[in-house]
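For reference, the chains in residue letters:
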Amino acid sequence: MSSRAKNPLHSTPSPLHSISAPAYTRENKQWRNLVGKTGTVLLATTIRVTSPEHAAFAPYMYAIVQLDSGEKKAFMVAAQERVKPGDRVRCVLRKLANPSKTGIIRYGVKITAQDICPKLKKYPASDF
Amino acid sequence: MMNISIIGHHITKFGELWDRSLQDLLTEALQNSVNQAFERTGLKPGDIDAIFVSNKASGSFNHQRHVSALASEHFDHFPPAIRVEAACASGGVAIMSACQALRSGQYKTVLVVGVEKMTDASAAETTQILASAANMELEYGSTFPGLYALLAQAHMTAFGTSRENLSAVAVKNHRHAVSNPTAQFRREMTLEQVSNSALVADPLRILDCSPISDGAAAVVLTSQDVSDRQSTTATIIGQGQGQDSLDLASRASFTELAATVRAAKEAYTQAGVAAKDIQMAEVHDCFTIAEILASEDLGFVPKGAGGEAVIAGKTTYGGAVVINPSGGLKACGHPVGATGVKQLAYLASMIEKGACELGLTHNVGGSGATAVVNILAKKGKKGLSR
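Sequences listed follow chains S and G, in order. With our numbering, the residue at position 14 of the first sequence is 14, and numbering never jumps. With our numbering, the residue at position 143 of the second sequence is 271, and numbering never jumps.
Note that these hints are calculated values from the structure, not bench results. Cβ coordinates follow ideal geometry from the N, Cα and C atoms, glycine included. One or more hints might be untrue.
As the list claims (entries may be wrong) - Straight-line Cα separation of at most 27 angstroms, BS3-like style, residue types lysine-lysine; simulated pairs:
# : chain 1 : residue 1 : chain 2 : residue 2
1 : G       : LYS431    : S       : LYS84
2 : G       : LYS442    : G       : LYS404
3 : G       : LYS431    : G       : LYS442
4 : G       : LYS431    : S       : LYS72
5 : S       : LYS95     : S       : LYS72
6 : G       : LYS404    : G       : LYS393
Stated by the list, open to error - According to the in silico footprint, chain S covers these stretches of chain G (three or more CB under 8 angstroms from chain S):
# : region
7 : 281–292
8 : 364–378
Using the sequences plus the hints, can you model the full thing?
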């Protein structure tokens, strides 16, 4: 059994846009393994035509990332951000699918290039 | 290895067949292929020992699961029927399974039928259904054009493959489809039309993509040395199946499909032939980049040279190998469950017509997790090391 099978990022999605409570619980356990991790974009594309559950996000970017922890993973890119090969990114928790009228809103791991290397604000000594 | 003869085959019209149901398509392919086999060899309906049904998603598209039973009930003796699903490689794996059953001696003559009725669903629903062939845990949010777009970007970066190279694949396959009466699109296209079509997932455009199609295809296979009224019979002389990780990100390389390389190596070895011997090939061009990858991974051209080979005319009539004489998935159409069976049926017809003596089919599932290669030869072809 590979590590991939033991460490799913997301549960199998419902044909509806919601997620069952047990699946949501399983996903919650996996988020902590990725959120906050950083990596480098290897490949990226802009998806312009997609399934109904992601239609509200389109066009959105989808990328394969070499994580600094060693593994390669594929992610949706958060918001309307643009990334390209070589960009540094961080895993963040974001909404993954169009919210349904019933059920739990689907959240999961996306990547962002925002604030990946935040500059340390230097406070004058008088502030302390 | 035991050679297996193709004694009957039929391909329905591919396309948006609004007046044809799943059962209509299945029935046409099944009955015509079986009747042809009976006329050619004198076999009787009771000689069909089993049926292998290739279908990806009739449960989702048509609310019809248990499609294997629909095939069996065409026969008074209700032969065992097995549904095989391996995404877009369902047909290839069904043929592989059927041949294994024949070689084991369990059966002597079997029917393989592939069918998909896709156009009753909306394009958005179809995108969602097809995306289920990806790893739904690790590739959430992806689409099939999206995954192949990533492969295209990797190939472009590594080898300088160009927009023109991608477009040339579509232009060639549409040209080939003009002479195929069952093809979905029997019209030529220009490089400019393909290159200026709408973006689906950068850099892939709508005319880089195979269409959503309805259709069915069937072949009757036998391990028996039956007398065939057809003067030329096509035989399967080599087969291979390769696998790789279902999710693209976990692959060792983004510029080749390792499953194809593995399947081809096994098939060439079984057949005792090399890539340079192949005269015609039906390869899995679900997207234009997929044909470029296939031409390299099957050994027809060196790695990285697939795009330029199309421009140079090396993969069409007059070139080293004719790739996708049917028009391929791109122009003939891609009713998913039917595709792998159609490739075999079409190549068998080419051999029967004398268009080639040695051919290859290549069927891929998902973004390359499964690949099946079959090598076909004219029965009794001399010069083979078997």
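Hints, verified against the model:
no., hint, in the structure
1, G:LYS431 / S:LYS84, "holds (25 angstroms)"
2, G:LYS442 / G:LYS404, "holds (12 angstroms)"
3, G:LYS431 / G:LYS442, "holds (15 angstroms)"
4, G:LYS431 / S:LYS72, "holds (24 angstroms)"
5, S:LYS95 / S:LYS72, "holds (22 angstroms)"
6, G:LYS404 / G:LYS393, "holds (13 angstroms)"
7, 281–292, "holds (count 3)"
8, 364–378, "holds (count 5)"
When the structure is compared with the earlier hints, no violation turns up for any of them.
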